[in-house]
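**Q** Per the UniProt record's numbering, the very first residue in the sequence shown carries number 1; after that it's consecutive.
Simulated from the structure, these hints should not be mistaken for laboratory data.
Just so it is clear, CB atoms sit at the ideal spot from N, CA and C, and this is done for glycine as well.
A few of these clues could be false.
So the derived label-pair ranges between C-beta atoms look like this [to be verified]:
#1 P358 with L22: 39 to 49 Å
#2 D71 with S264: 22 to 32 Å
#3 K41 with D303: 37 to 47 Å
#4 D303 with K129: 39 to 49 Å
#5 D71 with L387: 38 to 48 Å
#6 G330 with Q16: 13 to 23 Å
#7 N291 with T392: 46 to 56 Å
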Amino acid sequence: GPPIAIFHPVFARFLQLIRRDLRELEAHNCIPQTFVNSVHKFLLVSSKVYKKEHDRRHALEPILEELLAMDDAVANADRSCSDGQQSFRAQGQRLVSLLWELKNEIGAGGCCPVVQSSLSYRKYAVDPKRLPLLSISGIPVFTLAIAGPWLSVGGAFFGAEPMAQQLTDMVYIGFDPLHDDCLLQVANILFALKTCCRDLIHYYTTLEPNGHSSSFPRSACFPSQTSYPCGGNSVEFVYEDILVNRSASLKLPAKAVFKAKTTSLSDQRSIVVKFVRRYGGQVHRVLHAVNLAPELLYDGTDDPNAVDFGGLRMVVMAWVSGTTFGEHRGPKDRLQDLLNEALKTLGRDGWVHGDLRPPNVLVSSTENLQIIDFDWSGRDGEARYPLTLNDTLDWANGVRRGGVITHAHDQEMVKKLISN
1 GPPIAIFHPV
11 FARFLQLIRR
21 DLRELEAHNC
31 IPQTFVNSVH
41 KFLLVSSKVY
51 KKEHDRRHAL
61 EPILEELLAM
71 DDAVANADRS
81 CSDGQQSFRA
91 QGQRLVSLLW
101 ELKNEIGAGG
111 CCPVVQSSLS
121 YRKYAVDPKR
131 LPLLSISGIP
141 VFTLAIAGPW
151 LSVGGAFFGA
161 EPMAQQLTDM
171 VYIGFDPLHD
181 DCLLQVANIL
191 FALKTCCRDL
201 IHYYTTLEPN
211 GHSSSFPRSA
221 CFPSQTSYPC
231 GGNSVEFVYE
241 DILVNRSASL
251 KLPAKAVFKA
261 KTTSLSDQRS
271 IVVKFVRRYG
281 GQVHRVLHAV
291 NLAPELLYDG
301 TDDPNAVDFG
311 GLRMVVMAWV
321 SGTTFGEHRG
331 PKDRLQDLLN
341 EALKTLGRDG
351 WVHGDLRPPN
361 VLVSSTENLQ
371 IIDFDWSGRD
381 GEARYPLTLN
391 DTLDWANGVR
401 RGGVITHAHD
411 QEMVKKLISN
C-alpha cells in the first residue's frame, strides 16, 4: 500500500523528527538530559544476554515505563494482548497510542516482533469495542518491536483495511561506549516517539463523535491533506476515489493517486491528487502549454514550504475524462500526429518524459490527447529511471534501473504505442 504518512500527520511528523541532525540536537539540547540518561540505562540493559524472554521483559519494563509511560496491556476480545502498551482514557474507553512486542533475541520465540506488533494492532483495531471509534477515525497507533539489542518503530492505521508499515530500520540498541552517536540516535527516535504519542493522545481526546457507531468513515481511506495553496489562498477539496491499480487485497492502492473535487461553490472542479518523491513539473507545464497535458495546479516538489509526508510531496492537477491509449478503439492517425508533436516539443527544449506507456496517455471523447504521469520527467540525459523500475515491461532498448532517460527512449516508446 501507499506510505502510511499520508493518512495521518502524526506519522509524517515522526519521520521528520527522527531525521533531525544529531549534532544540532546535541548543540541545542533538544532532548532533555534526564531522557538521554534514561536511554543510556536502556542501552545498558538491552546489551545484556538473558536466559528467557521473561527476564528481558522484566528488565526493560521499568525503563520503558520511565521513557514512554508504557503499562500493562489490555486483553482483546479473544483474550490475546500485546507485551505492553501506552494507554489512556478517551472516547469512553481505554485506548492505546503505542503497542509493543518483545523477543529475547532475533529469531527467538517463533515469531518476528515486527510482524507480531502488526498483528496485535489488527486485533486491537477490529475488537468490537473499537466499532464506535472506527466511525470517526482510522485508529492510528505506533508499534514498537524489540528483539534482543535491536529496536524498530512502526505505524498502523485502519484505512480500507488495517495497514502497518515500519518507520525505522532495525536500530541497534546495545551499549557502545566509543560512539555517542548511537546513544543520540536511539534517544532521538524514542523522544520523537514519546512526542508523537502525546500528539496521538491529544488527537483522540479531541475527536468529535458522529453518533453513528456502525458507519465506517470513508475519509479514513483517503489522505489527511485536503487543501493546496494557490495564489496566496488555500483551495479546499474532498476525496472521491482511488485512481490506481490496487494491491492483491483489492482494497489498498499500490500507489498514492486519488480523484477529488474542490469544494468552492464558485469554482467546483474535479482534480487528481497524488503523492510523489519526485516530479517533473517543468516538463508537465511545457506539454500543458501546447494542450497535451492537463493543467498542473500545484507541485509540492517545487515548493520549499510544502508539507512533507515522510519524503512525499503532494501534486495536484486537473482531472481529464477519457480512456487510456491502450483502451482506445478509434482511428489513431490524429493521435499519432499529437504524439509526434509532443516528442517535438520535448526534444526542442531538451526534456524527456520517461514513461510513455499506454496508461499514461489519455484520449478524450473529442480525440484530444493528454499525457500524464511526469514523476520521472526531467532533462534529457540527466533524469534517471528509478532503481525500482519494473523491468518485466516492454521498455525501449537501453532502458535500465537507475539509467539515464533519453529522448531516443521516448521516441521508441511512442513507436511501441502506435504499433500496439
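**Q** Hint by hint, say whether it matches the structure.
**A** Here's how the hints hold up against the structure:
no.: 1; hint: P358 with L22: 39 to 49 Å; verdict: holds (47 Å)
no.: 2; hint: D71 with S264: 22 to 32 Å; verdict: violated (47 Å)
no.: 3; hint: K41 with D303: 37 to 47 Å; verdict: holds (43 Å)
no.: 4; hint: D303 with K129: 39 to 49 Å; verdict: holds (42 Å)
no.: 5; hint: D71 with L387: 38 to 48 Å; verdict: holds (43 Å)
no.: 6; hint: G330 with Q16: 13 to 23 Å; verdict: violated (48 Å)
no.: 7; hint: N291 with T392: 46 to 56 Å; verdict: violated (34 Å)
Consistency with the previously given hints fails for numbers 2, 6 and 7, ordered from lowest to highest.
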